[in-house]
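K.L.:
As a plain string of letters, each chain reads:
2 protein chains.
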Amino acid sequence: MSNPLDLIERAKKGDKRALGRLLTLLEEISAENAWVLERLSSESGRAHVIGITGMPGSGKSTLISRLIRAFRDKGYKVAVITIDPTSPISSGSIMGDRVRMQEHATDAGVFIRSVTNRGILGGVSLAALAMIEAFDVMGYDKIIVETVGVGQSETDIMNVADTIVVLTMPGAGDDVQALKAGVFEIGDIYVVNKSDRPDAVRTYEYMLFVAEKEALGRGGSWKPLVIKTSAALGLGIRELAEAIERHLSYVRESGEKERRLLARRAHLMKLVAVRALLGALEEVMREEGESVSKVAKDMRGFYDEAMRIVKLTGKRVS
Amino acid sequence: MSNPLDLIERAKKGDKRALGRLLTLLEEISAENAWVLERLSSESGRAHVIGITGMPGSGKSTLISRLIRAFRDKGYKVAVITIDPTSPISSGSIMGDRVRMQEHATDAGVFIRSVTNRGILGGVSLAALAMIEAFDVMGYDKIIVETVGVGQSETDIMNVADTIVVLTMPGAGDDVQALKAGVFEIGDIYVVNKSDRPDAVRTYEYMLFVAEKEALGRGGSWKPLVIKTSAALGLGIRELAEAIERHLSYVRESGEKERRLLARRAHLMKLVAVRALLGALEEVMREEGESVSKVAKDMRGFYDEAMRIVKLTGKRVS
Numbered sequence: 001m002s003n004p005l006d007l008i009e010r011a012k013k014g015d016k017r018a019l020g021r022l023l024t025l026l027e028e029i030s031a032e033n034a035w036v037l038e039r040l041s042s043e044s045g046r047a048h049v050i051g052i053t054g055m056p057g058s059g060k061s062t063l064i065s066r067l068i069r070a071f072r073d074k075g076y077k078v079a080v081i082t083i084d085p086t087s088p089i090s091s092g093s094i095m096g097d098r099v100r101m102q103e104h105a106t107d108a109g110v111f112i113r114s115v116t117n118r119g120i121l122g123g124v125s126l127a128a129l130a131m132i133e134a135f136d137v138m139g140y141d142k143i144i145v146e147t148v149g150v151g152q153s154e155t156d157i158m159n160v161a162d163t164i165v166v167l168t169m170p171g172a173g174d175d176v177q178a179l180k181a182g183v184f185e186i187g188d189i190y191v192v193n194k195s196d197r198p199d200a201v202r203t204y205e206y207m208l209f210v211a212e213k214e215a216l217g218r219g220g221s222w223k224p225l226v227i228k229t230s231a232a233l234g235l236g237i238r239e240l241a242e243a244i245e246r247h248l249s250y251v252r253e254s255g256e257k258e259r260r261l262l263a264r265r266a267h268l269m270k271l272v273a274v275r276a277l278l279g280a281l282e283e284v285m286r287e288e289g290e291s292v293s294k295v296a297k298d299m300r301g302f303y304d305e306a307m308r309i310v311k312l313t314g315k316r317v318s
Numbered sequence: 001m002s003n004p005l006d007l008i009e010r011a012k013k014g015d016k017r018a019l020g021r022l023l024t025l026l027e028e029i030s031a032e033n034a035w036v037l038e039r040l041s042s043e044s045g046r047a048h049v050i051g052i053t054g055m056p057g058s059g060k061s062t063l064i065s066r067l068i069r070a071f072r073d074k075g076y077k078v079a080v081i082t083i084d085p086t087s088p089i090s091s092g093s094i095m096g097d098r099v100r101m102q103e104h105a106t107d108a109g110v111f112i113r114s115v116t117n118r119g120i121l122g123g124v125s126l127a128a129l130a131m132i133e134a135f136d137v138m139g140y141d142k143i144i145v146e147t148v149g150v151g152q153s154e155t156d157i158m159n160v161a162d163t164i165v166v167l168t169m170p171g172a173g174d175d176v177q178a179l180k181a182g183v184f185e186i187g188d189i190y191v192v193n194k195s196d197r198p199d200a201v202r203t204y205e206y207m208l209f210v211a212e213k214e215a216l217g218r219g220g221s222w223k224p225l226v227i228k229t230s231a232a233l234g235l236g237i238r239e240l241a242e243a244i245e246r247h248l249s250y251v252r253e254s255g256e257k258e259r260r261l262l263a264r265r266a267h268l269m270k271l272v273a274v275r276a277l278l279g280a281l282e283e284v285m286r287e288e289g290e291s292v293s294k295v296a297k298d299m300r301g302f303y304d305e306a307m308r309i310v311k312l313t314g315k316r317v318s
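Chains P and E, in that order, are what the protein sequence lines are.
Residue numbering for the first sequence is 1 to 318, as defined by my numbering.
Residue numbering for the second sequence is 1 to 318, as defined by my numbering.
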């Protein structure tokens, strides 16, 4: 393994291999390599972090691929972090997605990296947050974080992006129940993809209604935008890129960007803490396995047993 | 609120409203109501817990609806727990899914309940595990836990089902990379749904290969089964129900069922512990907000700061 400082220097000069190895190192933040992230963070904070979420099938990867091109045309360097959820059925579609973006693989100004779950709660988010700092230092102007928008650890990271783009499509969003359930609450920009489909108008109008409602409910002066696209046909991409730029201006001027940067880093620290706590819990659970199994037989006193485990874990880390 | 003992008695007599209220109570296990779960668990352990996972679009809900009927025809009472992930784009499809199963809503021998994320890591699994105990006591023979198979907390619960059914469909599973990534490792039974589609043969053969490979890799004498279905057309459902019954015999005879019951309950205790630990962490993070924000500015000493937070959390709970 090369010296991390050396990797940083080479990555700064555009060496993608060096950057790749640096990212691998950042996948597992530990007491030993924490200084590498410290070093990177001392120079970061400039990039625009864009979270893009949408269910499988909503055309996310095609849209992102188009968006990469639009950003490249403006001269931006673009990094994409794809969150690969732990999935027993992680399918051809996810594999295919990455392929779809590979048209950009030979572009020196584009870097695509996927982060897979490492079996630890919050592990994905932690790795992604660390990688954001690295891409930032390496001069990537736009850092797109792609998630499927399902599951705690995946949506988690959305809360700390500078700009959140929620992808929907005809037939998916036009459900008043979805609104009631408060599921559309996080978007700064809503995209109705596949808007060439005949039922798109209804979804679009519905999303306008959602945006309107949210503008009222939220603090701040940003009113969520709704953009119609057809990623497959390449329609609406420029409008989307412009909407994203407009939101960037907003978060910059409102001081929201600085706030989100600090929130992102605070969240990174929290995830390091979560990992340490859950690691200690695992150890205690193993050591107390016999006692736990005994209680599991009829569950008598299970709550006290859980609290005893908590106490032992607390002692271990304090 | 009625007396929980009263709810249990009424639920045992088939009062669905009482059972619903009991489940609501179990959604939030606390020191105060832990005795209710203890009480239930003292009588549970008989039911067959079936985890069914598959990506959105794989036809899960239609398949489950068919399966409910097949089980009902055999005289079984059936409960379904639908895990609703926190999703910013939790879509019409998920809402629609529940509707699809509603044909069984008036059947006294069927109970469908969805569990939504409450913003706590592992919260969904905890609620679902508690509900399993209740359904068990109320005489539900088959307890189907449906997840979208994405995200830590959702796949989590799969590890503690008696029988795990993984749903795939043509075009999704026939990717050798998916196998390499080890994503097909958990199924006891693989279902190739939508097998009326022309490309289904390839997927079926691929899944046979997966099953073969897994039979070699795993301990135990169970060789994963591969079943072709078309839930929409109602094909292969009886075969699937029979495969599930065959697996039940296997886990019973091998002692695996008893082991999975204990693992399930140990996991429940662990999740109670996780919740307590993370709750304390949240508190500490809030109290130390100023210090954390300061460190977040340039991240100098962020790892030590995280460890300091861990120590404070440990002290709080020990």
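Possibly wrong hints are sitting among the right ones.
[What the hints assert, rightly or not] Distance ranges between label pairs, derived from CB positions: (1) E:13 / P:235: 57 to 63 Å; (2) E:291 / P:235: 17 to 23 Å; (3) P:294 / E:216: 52 to 58 Å.
[Said to hold, decoys possible] Here are the computed lysine to aspartate or glutamate pairs in the EDC-like style, where the Cα-Cα straight-line distance is at most 16 Å: (4) P:297 / E:282; (5) P:297 / E:256; (6) E:294 / P:258; (7) P:223 / P:242; (8) E:294 / P:38; (9) P:294 / E:38; (10) P:297 / E:245; (11) E:297 / P:43; (12) E:297 / P:258; (13) E:297 / P:256; (14) P:297 / E:290; (15) P:294 / E:258.
Hints are computed from structural coordinates only; laboratory data are not their basis.
The C-beta atom is built at its ideal place from N, Cα and C for all residues, glycine as well.
K.L.:
Can you confirm whether the C-alpha distance between residue 297 (chain E) and residue 256 (chain P) stays at or below 16 Å?
P.N.:
holds (14 Å)
K.L.:
Is residue 297 (chain P) close enough to residue 256 (chain E), meaning Cα to Cα at most 16 Å?
P.N.:
holds (14 Å)
K.L.:
Next pair to validate is residue 294 (chain P) with residue 38 (chain E); report whether the Cα-Cα distance is within 16 Å.
P.N.:
holds (14 Å)
K.L.:
Can you confirm whether the C-alpha distance between residue 297 (chain P) and residue 290 (chain E) stays at or below 16 Å?
P.N.:
violated (46 Å)
K.L.:
Does residue 297 (chain P) pair with residue 282 (chain E) here, judged by a C-alpha cut-off of 16 Å?
P.N.:
Measuring from Cα to Cα gives roughly 32 Å; hence the hint is violated.
K.L.:
Between the beta carbons of residue 294 (chain P) and residue 216 (chain E), is the distance compatible with 52 to 58 Å?
P.N.:
For residue 216 (chain E) against residue 294 (chain P), whose Cβ atoms are near 35 Å apart, the range 52 to 58 Å is violated.
K.L.:
Between the alpha carbons of residue 297 (chain E) and residue 43 (chain P), is the straight-line distance 16 Å or under?
P.N.:
Holds - the C-alpha atoms of residue 43 (chain P) and residue 297 (chain E) are around 11 Å apart, at most 16 Å.
K.L.:
Check the hint pairing residue 223 (chain P) with residue 242 (chain P) against an upper bound of 16 Å on the C-alpha distance.
P.N.:
Status holds; Cα separation ~15 Å.
K.L.:
For a C-alpha distance cap of 16 Å, please report whether residue 294 (chain E) and residue 38 (chain P) respect it.
P.N.:
holds (14 Å)
K.L.:
Sort out whether residue 258 (chain E) lies within 16 Å of residue 294 (chain P), counting only the CA atoms.
P.N.:
holds (13 Å)
K.L.:
Residue 294 (chain E) and residue 258 (chain P) were given as a pair; does the straight-line alpha-carbon distance stay at or below 16 Å?
P.N.:
holds (13 Å)
K.L.:
Within 17 to 23 Å: is that where the Cβ-Cβ distance between residue 291 (chain E) and residue 235 (chain P) falls?
P.N.:
violated (49 Å)
Consistency note: the structure conflicts with the earlier hints numbered 2, 3, 4, 10 and 14.
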